[in-house]
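Full structure from sequences and hints, please.
Which chain is which? The protein sequence lines are A and B, in order. Under numbering that gives the first Met the number 0, the residues of the first sequence are numbered 0 to 179, in order. Under numbering that gives the first Met the number 0, the residues of the second sequence are numbered 0 to 914, in order.
Among chain A residues calculated to face chain B with C-beta under 7 Å, some are:
1. R62
2. L65
3. I80
Just so you know, the hints here were simulated from the structure itself, not pulled from any lab data. Using N, Cα and C, we set each Cβ at its ideal position, and we do this for glycine too.
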Amino acid sequence: MNAINERPAASAAAAASSIAAQPRAGESAGTERVLVTLTVGGQLCGVPVGAVRDVLDAQKIARIPLAPPEVAGSLNLRGRIVTAIDLARRLRLPPPPPAQAGARMSVVVELAGELYSLLVDGVGEVMTLPERLFEENPPTLDACWRGVSDGVYRLESVLLVLLDVGRLLDLGAPARAATA
Amino acid sequence: MDDLLPDFLTETNEGLAEIDTALVALERNPGDAATLQLIFRLVHTIKGTCGFLGLGRLERVAHATETVLGRFRDGALAVSPGAVTQVLRGIDAIKLIVTALERTRREPEGEDSALIADLEACAEGRLPMLAAASGPTPGPTPGPATGVAPDAVPDAVAGCASEPAPKPAPEPVPSPTPAKPAAAPPPEAPAADPAPANAGATDTVAAVGAQTIRVHVDVAEDLMTLVSELVLTRNQLLQLAREQDGAPFTVPLQRLSHITSDLQEGVMKLRMQPIGNAWNKLPRLVRDLARETGKKIELVMRGADTELDRQVLELIKDPLTHMVRNCADHGLEPTEARLAAGKPETGRITLDAFHEGGHIIIEIADDGRGLSTQRIREKALVQGLASEAQLAAMSETEIQQFIFRPGFSTAPAITAVSGRGVGMDVVRANVQRIGGSIELRSAAGRGTAVTIKIPLTLAIVSALIVAAGGERFAIPQIGVLELVRASGGSAARVECINGAAVLRLRDRLLPLVDLAALLGLADPARETDPAHERFIVVTQVGTSIFGIIVDRVFDTEEIVVKPVAPILRHVALFSGNTILGDGSVIMILDPNGIARAVGTQAGRSTTAAEAEERVPAGIESSARLALLLFRAGGAEPKAVPLGLVARLEDIPRERIERIDGRFVTQYRGQLMPLVPFAEGFAATAAAELPVRQPVLVFADRERVMGLMVDAIDDVLEDRLRLELGAARPGFLGSAVVGGRATDVIDVGHHLARAFPDWWGQGGIGADSQGGGTQRPRILVVEDSAFFRALLGPLLVASGYEVVAAETPRHALALRERGFRPDLIVSDIEMPEMDGFAFAEAVRASGAWADLPLVALTSRAGAADMARGRAAGFTDYVAKFDRQAVLAAIAGALALGAEGHEGEGQQDGMMAETDA
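As structure tokens, this is what we get:
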């Protein structure tokens with residue numbers, strides 16, 4: 000991992016510590032969510048920790064011809080074939096500079112018995128976030144993001160977008176929008 | 000029966016072991032309906048099976064036992080220790096007979112009337128207390144036997160009780176009391192059967208049943224997966240070892256490698272079954288066919304013990320049966336013709352199976368008349384499959400391949416005796432699906448031989464590793480014929496005809512497909528460089544031979560085929576992916592997919608965009624449809640979509656019976672109603688039927704009906720453009736088929752005549768609707784080919800344009816391509832993704848989010864409807880109710896029209912933001 004990846008991760012860590020510094024009184028409301036935080040295109044996002052199987056450093060990724068554009072390729076995770084999804088592309092973010100593109104980390108998630116890797120710029124800490132910080136997606140959020148996000152957490156310094164793994168991996172919707 | 004006996008014994012012993020435990024549990028907890036049900040079912044199974052195997056004595060005892068259990072179940076008899084004891088006695092008698100069966104493979108002689116009487120009395124509520132109490136010395140034991148029995152009995156009982164069921168023995172606490180007196184019945188059995196029971200001393204007890212254990216398929220599959228992983232890891236290690244000279248672990252690694260190979264082989268064996276298992280129904284089939292056709296047929300089967308993966312075996316069963324049927328029906332000529340041709344009177348069908356280099360080869364041959372190349376040529380011409388000039392250039396073998404085309408059949412063949420399935424195209428599709436290939440050779444007058452080459456297993460294949468466009472790919476070895484190196488200087492040179500690449504290979508031109516271009520990896524600079532060195536993988540799929548241009552060829556490697564992730568399934572060019580020895584992931588090319596690409600492109604190199612354009616497999620348009628032409632109730636031709644017809648039969652008059660004013664015939668073990676095409680015809684007696692009655696057989700699930708017609712004429716592929724006529728019952732309308740005005744029949748109408756409930760309370764005739772210039776476009780998502788074929792013409796006839804998708808995934812793929820129907824009709828029960836999930840996917844996002852969506856289902860309860868509405872369906876109708884289906888579609892379309900304008904704008908906006 001290089002410095003470029005560490006920066007967002009550090010900010011995630013800072014956000015996490017700022018949460019931890021707050022009094023825990025208000026958290027009795029119950030529904031906490033444990034998220035693995037990650038950054039993509041400078042945006043802090045989170046996926047439920049339960050969906051995550053592994054976090055990997057930059058991997059050798061084999062291209063898959065004719066695959067949907069969001070599919071970066073496939074990689075070998077200890078003998079299992081994992082399909083890599085270019086998260087930036089999936090979320091309609093501008094592609095990272097080529098120098099960084101090869102150094103992206105993988106958040107390996109499982110859906111219906113299959114493993115997928117989400118290529119991200121950096122992976123932060125695992126955070127436990129209380130319900131009171133949660134808010135529905137603002138209506139101004141890009142339709143593509145609304146399609147894959149369940150809502151937003153108001154962290155002290157930044158906002159964290161909660162991503163839904165199932166909808167992230169349903170490539171049908173954005174592919175269509177791209178052709179429309 | 001001999002084949003079935005070991006299975007029966009294994010199963011029965013397992014059942015008996017379970018019964019012991021369950022009965023004891025039942026006694027402790029008499030109200031336990033589930034346990035009772037289990038016991039009843041087990042005994043019932045034993046009874047049913049032995050009836051089937053002709054084991055009369057066993058069946059009688061099992062029947063009496065079952066009766067008591069049935070009374071328990073109905074609550075007519077209390078579960079008392081006394082009654083349970085009687086049941087246990089019955090069970091013990093069963094065990095004893097089973098033990099003898101294991102030893103001698105024959106049911107022992109004997110008499111169980113006393114036991115049966117006791118059981119019957121027990122069932123009637125009169126407990127034979129005496130028998131229960133004085134178990135060990137029962138009255139009915141004939142005198143002379145007592146001397147022998149005491150020795151033989153404990154042995155036999157102990158043997159069978161402890162052997163199949165080691166576990167239950169120590170566990171049940173209250174059981175010994177009722178269970179032990181159950182030793183009572185044995186004296187009766189050996190009494191009459193002392194000799195065999197004794198003779199088969201304990202050392203031979205490990206007879207028929209004990210040699211096999213039954214393992215759940217999942218266990219074997221999991222084991223296979225693990226071994227596959229192990230093989231991969233081994234390959235990786237070997238690769239590492241190769242890179243480091245003199246590594247200390249080389250020797251142990253070699254051993255590990257050997258053991259892994261042996262293990263792999265062993266686990267493969269677990270899944271292996273002799274191909275004879277797929278053949279065992281054939282002798283009977285051939286015998287029946289011989290009788291029906293009046294031919295003399297000899298079936299020779301060689302290599303029945305050749306083993307192959309059970310998964311492959313299952314998939315190959317039906318195509319084999321179909322081909323043998325073809326041989327007997329069409330291949331072999333009638334006896335007189337054979338004699339006239341100077342051939343032996345008895346026709347011969349030969350089945351051969353053998354292994355060859357990781358594949359199994361199955362050959363089905365007959366010594367009949369062979370294929371008539373002339374007739375195929377004519378037919379191909381009529382159907383527009385090839386031009387006169389093309390045909391002239393074709394070799395005999397190439398012309399014969401036309402019989403693999405969908406809907407292709409030579410006319411006499413189709414009217415010939417007995418059933419004809421949908422055709423050789425289906426056989427070929429099935430074989431190709433499992434990575435196999437099929438070849439046909441035929442010599443006029445000498446016979447036809449079909450050779451099928453299939454991989455032994457689907458899990459591990461040998462593949463050639465190639466590189467194209469900077470990526471590596473695996474090509475399964477099975478289709479690879481040879482490798483040719485092509486460069487500017489060498490003899491082999493890639494030439495171009497108007498952009499189509501070809502290679503002169505010996506005496507023929509080989510069409511070429513550029514893999515990099517096909518996969519969208521083309522590098523324009525490389526394209527134009529003629530001196531660039533390239534390799535051509537000459538590949539055969541069926542009989543089409545083509546070359547795949549690649550940049551480099553590496554070695555061959557044993558690879559473990561892993562299915563591709565679901566989000567990549569629509570890419571038809573890949574059959575899977577794998578991990579190579581060096582740990583990299585590569586895609587496995589599907590030669591069949593490439594062949595299709597080559598076929599449609601006629602050798603023209605494809606760009607990625609074009610490849611994307613191609614409609615995915617399983618999408619049919621209402622454009623061309625194979626139609627079966629026949630005559631019935633008049634001289635004018637009638638047509639029905641061939642896809643709807645299950646078989647064509649020619650039934651001898653004497654086999655048609657008349658029951659309750661309706662014609663029926665015995666067909667494949669069930670009664671098939673025969674419906675005369677013309678309704679007024681129904682009064683005629685069977686005697687007035689033609690000597691051989693041509694019948695179109697329609698089948699859906701278990702239901703089969705036959706439509707009696709005058710003559711079956713032809714199969715044509717044509718555009719089905721229905722002109723709606725006056726609503727005549729039984730007709731969808733008329734169309735021009737093969738240049739003649741033809742009535743297209745409404746199969747649904749005739750199905751309803753055979754089974755009034757086939758369509759529920761469905762009405763007759765199609766609602767005409769639409770009629771405007773713009774025909775509404777309907778996407779039908781339905782996995783059953785039958786219903787697709789049925790619904791298609793109905794909707795076309797009702798004024799809609801129809802596009803069908805086999806699965807929701809195909810449908811969603813269409814969405815990605817920008818296809819937009821006016822309405823979607825979807826089945827609910829579909830594999831992989833059901834209708835609810837599909838509706839949710841459609842509603843969630845995308846261009847179809849606001850389309851009217853109608854669910855068609857065979858289940859239309861209130862709860863289902865609620866669930867359907869929740870998932871996003873506009874309407875939810877029973878698929879058998881055609882009137883309701885049409886009404887729902889019309890209603891949903893009317894609703895959908897309201898929202899149209901706003902949505903158009905939205906689309907426009909989206910396009911803008913994307914641009």
